[in-house]
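Residue numbers (numbering that gives the first Met the number 0), protein chains in the order written: chain L, 0 to 218; chain W, 0 to 218; chain S, 0 to 235; chain R, 0 to 235.
No lab work stands behind these hints: they were computed from the structure. Don't take every hint at face value.
To be verified - Partial selection, computed: residues in chain S whose CB lies under 8 Å from chain R:
#  : residue
1  : Gly-115
2  : Pro-117
3  : Ala-118
4  : Phe-119
5  : Thr-121
6  : Ala-122
7  : Val-125
8  : Ile-138
9  : Asp-139
10 : Tyr-143
11 : Glu-203
12 : Asn-204
13 : Tyr-234
Said to hold, decoys possible - Listed below are the simulated EDC-like cross-link pairs for lysine to aspartate or glutamate, each with C-alpha atoms no more than 20 Å apart in a straight line:
#  : chain 1 : residue 1 : chain 2 : residue 2
14 : L       : Lys-75    : R       : Glu-46
15 : W       : Lys-125   : S       : Asp-88
16 : S       : Lys-133   : R       : Asp-139
17 : S       : Lys-160   : R       : Glu-201
18 : L       : Lys-125   : R       : Glu-94
19 : S       : Lys-193   : W       : Asp-67
20 : W       : Lys-142   : R       : Asp-152
21 : L       : Lys-170   : R       : Glu-134
22 : L       : Lys-76    : R       : Glu-230
23 : L       : Lys-125   : R       : Glu-98
24 : R       : Lys-13    : R       : Glu-46
25 : L       : Lys-142   : S       : Asp-139
26 : W       : Lys-170   : S       : Asp-139
27 : L       : Lys-125   : R       : Glu-230
28 : S       : Lys-13    : S       : Glu-217
29 : R       : Lys-133   : R       : Glu-98
30 : R       : Lys-160   : S       : Asp-139
31 : R       : Lys-72    : R       : Asp-152
32 : S       : Lys-193   : R       : Glu-203
33 : W       : Lys-142   : S       : Asp-142
34 : L       : Lys-125   : R       : Asp-88
35 : L       : Lys-170   : R       : Glu-94
Treat the numbers as computed from the prediction; the structure is a model and nothing was measured. Positions of the beta carbon are idealized from the N, C-alpha and C atoms, including for glycine.
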Amino acid sequence: MTGCINGWTREQMAMRAARDIPDGSYVNLGIGIPELVAKFVPDGREFIYHTENGLLGMGPEPAPGEEDSELINAGKKAVTALPGASFFHHGDSFTMIRGGHIDVCVLGAMQISQHGDLANWSTGAKGAIPAVGGAMDLVAGVKTIFVISQHTTKNGAAKLVEKCSYPLTGKQVVTRIFSDLAIIDVTPEGFRVRELAPGIGFEEVCAKTDAPLLPLEET
Amino acid sequence: MTGCINGWTREQMAMRAARDIPDGSYVNLGIGIPELVAKFVPDGREFIYHTENGLLGMGPEPAPGEEDSELINAGKKAVTALPGASFFHHGDSFTMIRGGHIDVCVLGAMQISQHGDLANWSTGAKGAIPAVGGAMDLVAGVKTIFVISQHTTKNGAAKLVEKCSYPLTGKQVVTRIFSDLAIIDVTPEGFRVRELAPGIGFEEVCAKTDAPLLPLEET
Amino acid sequence: MINKVISSIASAVKDIPDGATVMIGGFGEAGSPTALIHGLIDQGAKELTVINNNTGNGEVGLAALIASGRVKKMICSYPRSSHSKVFPDLYRAGEIMLEIVPQGTLAERIRAGGAGIPAFYTATTVNTPLAEGKEIRRIDGRDYVLEYGLKADYALIKCEKADRLGNLIYNKTARNFNPIMCTAANITIVQARKIVDVGGLEPENVITPNIFVNRVVEVANPVIESDLVAEGISYP
Amino acid sequence: MINKVISSIASAVKDIPDGATVMIGGFGEAGSPTALIHGLIDQGAKELTVINNNTGNGEVGLAALIASGRVKKMICSYPRSSHSKVFPDLYRAGEIMLEIVPQGTLAERIRAGGAGIPAFYTATTVNTPLAEGKEIRRIDGRDYVLEYGLKADYALIKCEKADRLGNLIYNKTARNFNPIMCTAANITIVQARKIVDVGGLEPENVITPNIFVNRVVEVANPVIESDLVAEGISYP
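Chain L with its partners taken away, still in its complex shape (with noise of 0.2 Å):
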């Protein structure tokens, strides 16, 4: 590894996920890297987060000593709640989700295929403890996925794959990746380079992905 600053990093995926959602926008975000989305709100923009445990209006963590066990997010973390804000009970909040109510939501991945399929809740591996939460009716009921991911897993394997070999969340759900490599959005013709982090090259994407992948589409 060398000094030099090659691809993305979390709080700039996170930003660059942030910038493509509109203004407006019922957003629900994963845990992990696609909380960091709420720190990135682009200027003049405002969105409403929604979280799968009964809260609209969601507000930054709370400053140290603040937080309240009884006011946490999906990932039961401390929470605020901004003025104008809401509470109400799981099936009200699945409502939302399943509903179709949820413009965008924001999740972490294990594979990407390249129609779009999404596998983030088990390996399938025998021993395994399956835990699904809320991510497969995220991916039923939200009218548009973004993923936030790395490009590859810790040993380097791809994690943007012709067909998933770990169980599927949803099929066809995906729309646009956001990884420390590129934004790939997922067309009817498979993986499409949209945007190369600063010091990756096209073919430096294609190494590290299991698929086909179009280059930048000339404008």
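Given the structure of chain L, go ahead and fit chains W, S and R onto it with the hints provided.
Just chains W, S and R, lined up with the frame of chain L:
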């Protein structure tokens, strides 16, 4: 017609029905004579009244001049809300009904069959406007269905019949009938008189019933 | 800044097209968005399918919309009007279609439509003529009928207080069908007695979270239908 | 006079039999009826089927109930415990059964159970292993899976305030599964931080109407599970 008092009045029918409602019951009262039941809560008992348009803890009609057009019952009459009442939407209101949470419902009837089938929403006649309201939900969801009704129609036709000729509201749903002539149980053997009104003989009730009628059981 | 407040009734309802399916809140006159309905009459959309528990009162509000000939079909549980023969006359003349749905099934179909549930089973209507032609399934020894979720293009809603984000609270039994209809329409248009500042509604007490609302118009002193009926008024 | 207040946790939970199905409110520790769960551990019922979104925290509350060996089967969406290996160890050892249900389907199945809806269709899990063996139906061009309503013999619930009739309000995101579980259990037992006079809860703001509640116990200063976990406490 003579001046003699034969049979029960509307109020007496309602009072008899109220007597058979256990303490602490959640009760829904249909439109018409059933509404009178609320006036006759036996001493020492407490009932909580539900109205399907979204109020639990319904109280009596307000004093003249105190009516609120946004505080009404299912019959669209002005009512009051007692201490401990709650308001909710129609989805939640029918969760109470369909989900089996209401203990007793008292309804009016056009016909009741010897097996407890109820017809109370439409004559099925050509040109009649069918209007079912919440009756089918109530008979499908409430544990105990009482009927309060005149024993015969204004024209003298029997309402207690072998088989309903009008379209059904529900099949095998009525357990007890409070008529002006008698209290009648719907048993596996058919209609059985439980109590005769003052001045009413078993033969008279038989004559006004178009189904076999079992006499009072000797105890 | 998200601001769902619209300054006039006319602009709030102006894009409702001919042929739209419109849910209208209220049970009898309680919770009836009468000002919005009158706005819709003025606007002129026709061939509407209207979903409401009843068919209006007198010759105002929903009854007036029906009388105007703009409603092709009613979906309701109790198509009787107070002090009005508007619906019965049109129905008997074959000039309006009617889908009769039990009140609880109507509520659940609307709730299902809003919640992304395309169909569900219920015991209501089993063994009655209203179950004819529908799928029956036996589950745990009891028969149930399959019913489908209901959605609408628009919902017209009345509430007590709203904020600019679209959070709503209601007044007593005027709540009725309004909150579930908010969830089931593509565009939800609300007539609020008062618009308050954001933060003016307690988060614990919000009944309709703002995600279900698209437009809010303040109607500070809404007409009361029974008053209009008592005065013998016909709209327009 | 209707009075659902019970003076002790022990008497509130004493009749829960071996083999019962018990819904337990809460999402993580928020809204977890920890005092009632500890009462259930003390009481000794075994072979329980427990429905909760998770599997508890540390070695207190639900995690302690599971650790005690009294739970035959968990129905949940996310069977991971914070600061605990109680569930994973038992699961890998084959000593506890697991039915994994997506969080929204779990919520809807509970809500359906309470609302008299025996089954419904949802798009969630379609084309995933969790839909295997289930009925798929195409409705309006999309595939949906059939899911069944869930009911329980008992529900253990935590709320903020209750009255003697059983009306409840909750605190912030501690509401979560609690209100729907109240509707789906035969006997609903509530631990309330405060019991107020009848009339002390505003009818517009009641979240759980009293019809869904059977017993209420006041637990004025409930333990906070994360505090117990931080202190390294195991129950009992």
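Against the structure, the hints come out as follows:
no.: 1; hint: Gly-115; verdict: holds (7 Å)
no.: 2; hint: Pro-117; verdict: holds (4 Å)
no.: 3; hint: Ala-118; verdict: holds (5 Å)
no.: 4; hint: Phe-119; verdict: holds (4 Å)
no.: 5; hint: Thr-121; verdict: holds (6 Å)
no.: 6; hint: Ala-122; verdict: holds (7 Å)
no.: 7; hint: Val-125; verdict: violated (12 Å)
no.: 8; hint: Ile-138; verdict: holds (4 Å)
no.: 9; hint: Asp-139; verdict: holds (7 Å)
no.: 10; hint: Tyr-143; verdict: holds (6 Å)
no.: 11; hint: Glu-203; verdict: holds (7 Å)
no.: 12; hint: Asn-204; verdict: holds (5 Å)
no.: 13; hint: Tyr-234; verdict: violated (30 Å)
no.: 14; hint: L:Lys-75 to R:Glu-46; verdict: violated (29 Å)
no.: 15; hint: W:Lys-125 to S:Asp-88; verdict: holds (14 Å)
no.: 16; hint: S:Lys-133 to R:Asp-139; verdict: holds (17 Å)
no.: 17; hint: S:Lys-160 to R:Glu-201; verdict: holds (16 Å)
no.: 18; hint: L:Lys-125 to R:Glu-94; verdict: holds (16 Å)
no.: 19; hint: S:Lys-193 to W:Asp-67; verdict: holds (18 Å)
no.: 20; hint: W:Lys-142 to R:Asp-152; verdict: holds (17 Å)
no.: 21; hint: L:Lys-170 to R:Glu-134; verdict: holds (18 Å)
no.: 22; hint: L:Lys-76 to R:Glu-230; verdict: holds (19 Å)
no.: 23; hint: L:Lys-125 to R:Glu-98; verdict: holds (16 Å)
no.: 24; hint: R:Lys-13 to R:Glu-46; verdict: holds (16 Å)
no.: 25; hint: L:Lys-142 to S:Asp-139; verdict: violated (36 Å)
no.: 26; hint: W:Lys-170 to S:Asp-139; verdict: holds (18 Å)
no.: 27; hint: L:Lys-125 to R:Glu-230; verdict: violated (34 Å)
no.: 28; hint: S:Lys-13 to S:Glu-217; verdict: holds (16 Å)
no.: 29; hint: R:Lys-133 to R:Glu-98; verdict: holds (14 Å)
no.: 30; hint: R:Lys-160 to S:Asp-139; verdict: violated (37 Å)
no.: 31; hint: R:Lys-72 to R:Asp-152; verdict: holds (15 Å)
no.: 32; hint: S:Lys-193 to R:Glu-203; verdict: holds (17 Å)
no.: 33; hint: W:Lys-142 to S:Asp-142; verdict: holds (16 Å)
no.: 34; hint: L:Lys-125 to R:Asp-88; verdict: holds (14 Å)
no.: 35; hint: L:Lys-170 to R:Glu-94; verdict: violated (33 Å)
In terms of the numbered hints stated before, the structure departs from hints 7, 13, 14, 25, 27, 30, 35, listed from lowest to highest.
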